[in-house]
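Each chain, letter by letter, is given below.
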Amino acid sequence: MTASDGHIYLLLAVAALLGLLLLWRLARRLRRGPPRRPGFFRRTGWPLGLFLVVMVGTWLIVMVVLPQLFMIDLSFRPRLPLAQMGGPRDIYTLQNYRYLLFGSTVSTESWNAVHLRALGLTIVSAMLITLFNLVLCYPLAYYMGQVAGPRGLRLLLLLLIAPYWLNDILRAFAFRILFAESGLLNAMLLGAGLLDRPIDFIGQNIALYACLTYAYMLLMLFPLYNALEAFEHSQAEAARDLGAPWWHIHLFVVVPAVKGGIASGCTLVFMLATGALAAPLVLSGTSVLWFTPIVYDRFYQVFNWPQGAAYAFALLAICIILVIALLRRLRLSLTDVVR
Amino acid sequence: MRFGRLACFAYLLAFFTYLFAPLAVMGLTAFNTASFPSAWPIEGWTLDWFAALARDGEMLYGLRNSLWIGLLVVLVSVPTGLAGALMMQHIAPSLRGVYYVLAVAPVLIPGVIIGIATVIFWREATLNAGLRFLYNGTLLTVMGQSSFIASYCMLIFIARLHRFDRTLEEAAADLGAGKTTIFFHITLPFLRPAILSAAVLAFLSSFENYNTTTFAILADKTLTTVLAGQVRQGTTPSVSALAVLIIGVTTAAFLLVEFWRGGDWRRRRAALA
Amino acid sequence: MAAEVGIERLSVRYGPVTAVDDVTLTIGAGEFFSFLGPSGCGKTTLLRSISGFVEPTEGRLAIGGKDMRGIGPNRRPTALIFQSLALFPLMTVAENIAYGLRVRGVAREARRRRAERLLQTVALEGYGDKPIDQLSGGQRQRVAIARALAVEPEVLLLDEPLSALDLKLRQHMRNELREIQRRVGITFIYITHDQGEALTVSDRIGVMSRGRLEQVGAGRELYDAPETAFVASFVGEANMLAGTVRERHGEEAVLDSALGPLRARNPRGLLAGSRAVLFIRPEFLLPCAEGEPANRIGVRVAGLAYEGSATHVSWVTPAGEKLLSLLGPRDAAPPAPGGAAMLGFAAQDALLLPPQELAA
Numbered sequence: 023m024t025a026s027d028g029h030i031y032l033l034l035a036v037a038a039l040l041g042l043l044l045l046w047r048l049a050r051r052l053r054r055g056p057p058r059r060p061g062f063f064r065r066t067g068w069p070l071g072l073f074l075v076v077m078v079g080t081w082l083i084v085m086v087v088l089p090q091l092f093m094i095d096l097s098f099r100p101r102l103p104l105a106q107m108g109g110p111r112d113i114y115t116l117q118n119y120r121y122l123l124f125g126s127t128v129s130t131e132s133w134n135a136v137h138l139r140a141l142g143l144t145i146v147s148a149m150l151i152t153l154f155n156l157v158l159c160y161p162l163a164y165y166m167g168q169v170a171g172p173r174g175l176r177l178l179l180l181l182l183i184a185p186y187w188l189n190d191i192l193r194a195f196a197f198r199i200l201f202a203e204s205g206l207l208n209a210m211l212l213g214a215g216l217l218d219r220p221i222d223f224i225g226q227n228i229a230l231y232a233c234l235t236y237a238y239m240l241l242m243l244f245p246l247y248n249a250l251e252a253f254e255h256s257q258a259e260a261a262r263d264l265g266a267p268w269w270h271i272h273l274f275v276v277v278p279a280v281k282g283g284i285a286s287g288c289t290l291v292f293m294l295a296t297g298a299l300a301a302p303l304v305l306s307g308t309s310v311l312w313f314t315p316i317v318y319d320r321f322y323q324v325f326n327w328p329q330g331a332a333y334a335f336a337l338l339a340i341c342i343i344l345v346i347a348l349l350r351r352l353r354l355s356l357t358d359v360v361r
Numbered sequence: 298m299r300f301g302r303l304a305c306f307a308y309l310l311a312f313f314t315y316l317f318a319p320l321a322v323m324g325l326t327a328f329n330t331a332s333f334p335s336a337w338p339i340e341g342w343t344l345d346w347f348a349a350l351a352r353d354g355e356m357l358y359g360l361r362n363s364l365w366i367g368l369l370v371v372l373v374s375v376p377t378g379l380a381g382a383l384m385m386q387h388i389a390p391s392l393r394g395v396y397y398v399l400a401v402a403p404v405l406i407p408g409v410i411i412g413i414a415t416v417i418f419w420r421e422a423t424l425n426a427g428l429r430f431l432y433n434g435t436l437l438t439v440m441g442q443s444s445f446i447a448s449y450c451m452l453i454f455i456a457r458l459h460r461f462d463r464t465l466e467e468a469a470a471d472l473g474a475g476k477t478t479i480f481f482h483i484t485l486p487f488l489r490p491a492i493l494s495a496a497v498l499a500f501l502s503s504f505e506n507y508n509t510t511t512f513a514i515l516a517d518k519t520l521t522t523v524l525a526g527q528v529r530q531g532t533t534p535s536v537s538a539l540a541v542l543i544i545g546v547t548t549a550a551f552l553l554v555e556f557w558r559g560g561d562w563r564r565r566r567a568a569l570a
Numbered sequence: 022m023a024a025e026v027g028i029e030r031l032s033v034r035y036g037p038v039t040a041v042d043d044v045t046l047t048i049g050a051g052e053f054f055s056f057l058g059p060s061g062c063g064k065t066t067l068l069r070s071i072s073g074f075v076e077p078t079e080g081r082l083a084i085g086g087k088d089m090r091g092i093g094p095n096r097r098p099t100a101l102i103f104q105s106l107a108l109f110p111l112m113t114v115a116e117n118i119a120y121g122l123r124v125r126g127v128a129r130e131a132r133r134r135r136a137e138r139l140l141q142t143v144a145l146e147g148y149g150d151k152p153i154d155q156l157s158g159g160q161r162q163r164v165a166i167a168r169a170l171a172v173e174p175e176v177l178l179l180d181e182p183l184s185a186l187d188l189k190l191r192q193h194m195r196n197e198l199r200e201i202q203r204r205v206g207i208t209f210i211y212i213t214h215d216q217g218e219a220l221t222v223s224d225r226i227g228v229m230s231r232g233r234l235e236q237v238g239a240g241r242e243l244y245d246a247p248e249t250a251f252v253a254s255f256v257g258e259a260n261m262l263a264g265t266v267r268e269r270h271g272e273e274a275v276l277d278s279a280l281g282p283l284r285a286r287n288p289r290g291l292l293a294g295s296r297a298v299l300f301i302r303p304e305f306l307l308p309c310a311e312g313e314p315a316n317r318i319g320v321r322v323a324g325l326a327y328e329g330s331a332t333h334v335s336w337v338t339p340a341g342e343k344l345l346s347l348l349g350p351r352d353a354a355p356p357a358p359g360g361a362a363m364l365g366f367a368a369q370d371a372l373l374l375p376p377q378e379l380a381a
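Residue numbers (our numbering), protein chains in the order written: chain A, 23 to 361; chain B, 298 to 570; chain C, 22 to 381.
Hints are not guaranteed to be accurate.
Under 7 Å between C-beta atoms, here's a sample of chain B residues computed to sit facing chain C [stated by the list, open to error]: (1) P390; (2) A470; (3) G473; (4) L485.
These are computed hints drawn from the structure, not numbers from a lab. Glycine is no exception: its CB is placed at the ideal position from the N, C-alpha and C atoms.
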């Protein structure tokens, strides 16, 4: 089965899925009797309805779904020069995934330690960054949501938004200057007498963590703030009245109530941290830590696009699984998370 | 409780120091005469790096591209986001959940993956359809960025539509307006503030985007990819000068908007008094 | 140009819920007709069916003789005044009023003139350029009316338009609406839950409960000759006593109740042995002297409410039932609370009606 046949199968699968969806809707409608709501085009009128269907259809199908499907499809195909694609050598294969796991397209003897370690470390680091971000931002979000008055709030908002006019690259650049061996932080610590020799922040990846945490602070802060603003203060007061100490109140009364905001912030930060590219490129230490630059290299260093696609899909799949697990655990749905 | 107040203050101090540290660094290096970007020690004060920035052809080329792509992204994302939000209203309730997940997914998918997928798709699509001229960095970047920026816009419009009084549409219908007329007379004027915010957000998001752009731009360049190249290879403080410029311009614009809006608010208060 | 509205066996169902149940009614051209009922009785749904926002599940609706099936709200000869008024916030008063004309392609000059004239009609001259948020409640009402009249509808529909206004303003606006209707001469269909309002403004009233049309008639008919217990209790105040019909004497009958045998009119011809409710207005249930009307009930005073022109007296029977009397200024003063009295009423002032579950 060549890959060009595969494309036909892919399209057929998508068509079959759509057909099933329509059939299911039809069946439901037949069971319930005539629908009480007028149909889609009666509600919107033909010109507007057509505009909606075309725009949204093009967007979702051409810009979202199809690219992902094609990427997944490519990940299962071998690396071939452009001319030979779609030809007889373009077959479906697991070789790219084999490479990711075992370091070779054919043998499964030894694990691809470097890449797998990078993948694992990326996930774990992203989780740590998310957690640290949460702990860092929670007090401020609580203050803003529950304690601050309108004037103070406006000031805080103004102060908070200002630093985010820098983009990823400039931010990473700034952190590099800050954390370099001859950089500002080391200079200050040396000058204050706290250190004899400068610390290699960058080599130890501390600079990278600091930069990534910084990058997503607002994304953690605002969902938390929104949730905490809506929190009924009287609940905390009731707990205090019953004798609970402040940390107990936060942990067992406030946090469960705002878990939607927490999940929202954490999901966004985790997904973005895992997919971060600029900061790792600029700030990586000696060890290969972040997975995303490895994906980048597959494309523009090694020029092995199918492999890159496989790596990208692996990353995506793991992220999605983890996020769904988190949402399940907290018993939330996607609509609660994306404001 | 004194300890609490002290801890609070210390926390806020540390937090905002952390928050403004990179800006301070940028500020210092941009004006420092040292040829290697460093915040310390300060060798001297100069504006040379700003001049160097103005002479940097690559940077200017990237800037032009970024502006052009930003404009195109606004033109694509804002109507798409609007269509997405309206679709949410009118689609059958049973399909709404699935639709929302699809529409919001681009926000969660890492930007690099969107960039990769867009390039792969368009390469094969244009190859097979013989439309080779469509396979260029600008188009791909616009497509890639718009896929998630349209989602941002959609969220803005959904929030605005939430506050829309549906009976106004009914009143217009009762007075004789057809569905399309209602949309242009009643719904769209109501959405005007949202269209503005969405456009601004779309432009800014596009301008500063790196992850998706770096894959989608192919052989071409935008400001962010030029920056990335320069920063990785070691660079002069002209990059810091750029950062200071960006911060300056956006802060000024922000303050201007705040002032204008605040003034408007004060005027209204006076009118009602 | 007023039109007649013909409603034939109209029903509106949402799945298992029936909002409007088999309503048949003809509203005459140029009539001021009100639908009266508690919330949830279906009057709003019925109004929205007439205006075209709701498609009836069954039945036929004709305006001016034309069947309205499949005709959308923008093409019906009706105009609706919403409960929230739904004035367009981004347009001025004149732009609001002229909107219907703008949609019909009327030129700007002509629109402006029409809007001016309508502003005069509703006594809002000079307000044309004002934004909507600067108007008071009563002024907004009038803009809504002017906007609806601008499209020269054959039927004007009003969805509880006065419910957001305070008492004095409401009374004033009621009269204004009546005035405008008389002047313009089109059919007005008005819905309200306030029976005093309905009685004041309407030519005829349709009382609705749980989707059904209980009774249609002029205010006087509904008040003096209610056909069901619901109408009796909803329009005006009523005393209701339950019992079983013991015997019939021509037009009248005797009811066996917890308070003893009571004699009343029996216009519905309820049969002996059937359950019934005796209904009597508070103004007819009065303290009486010895040897007076046939029906007598021994009671004690539970409470007094002096209201200037009249006094409401609430009584309680030995069995614990509550009764209400309305005493005029010339009637003898009632005893103090706790005091005993004998109430009496004439048979012809009371009615027997079939029992019915009343809305809470």
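Right, here's what the structure says about each hint:
1. A least Cβ separation of about 14 Å between B/P390 and chain C goes past the 7 Å threshold, and the interface hint is therefore violated.
2. Proximity of B/A470 to chain C holds as hinted, the smallest CB-CB distance being about 5 Å (cut-off 7 Å).
3. Evaluation of the B/G473 hint against chain C yields a held restraint, the C-beta minimum of about 5 Å falling below 7 Å.
4. Because the smallest distance between the Cβ of B/L485 and any Cβ of chain C comes to about 10 Å, over 7 Å, the interface hint for this residue is violated.
Taken one by one, the earlier hints fail for this structure at numbers 1 and 4, listed in ascending order.
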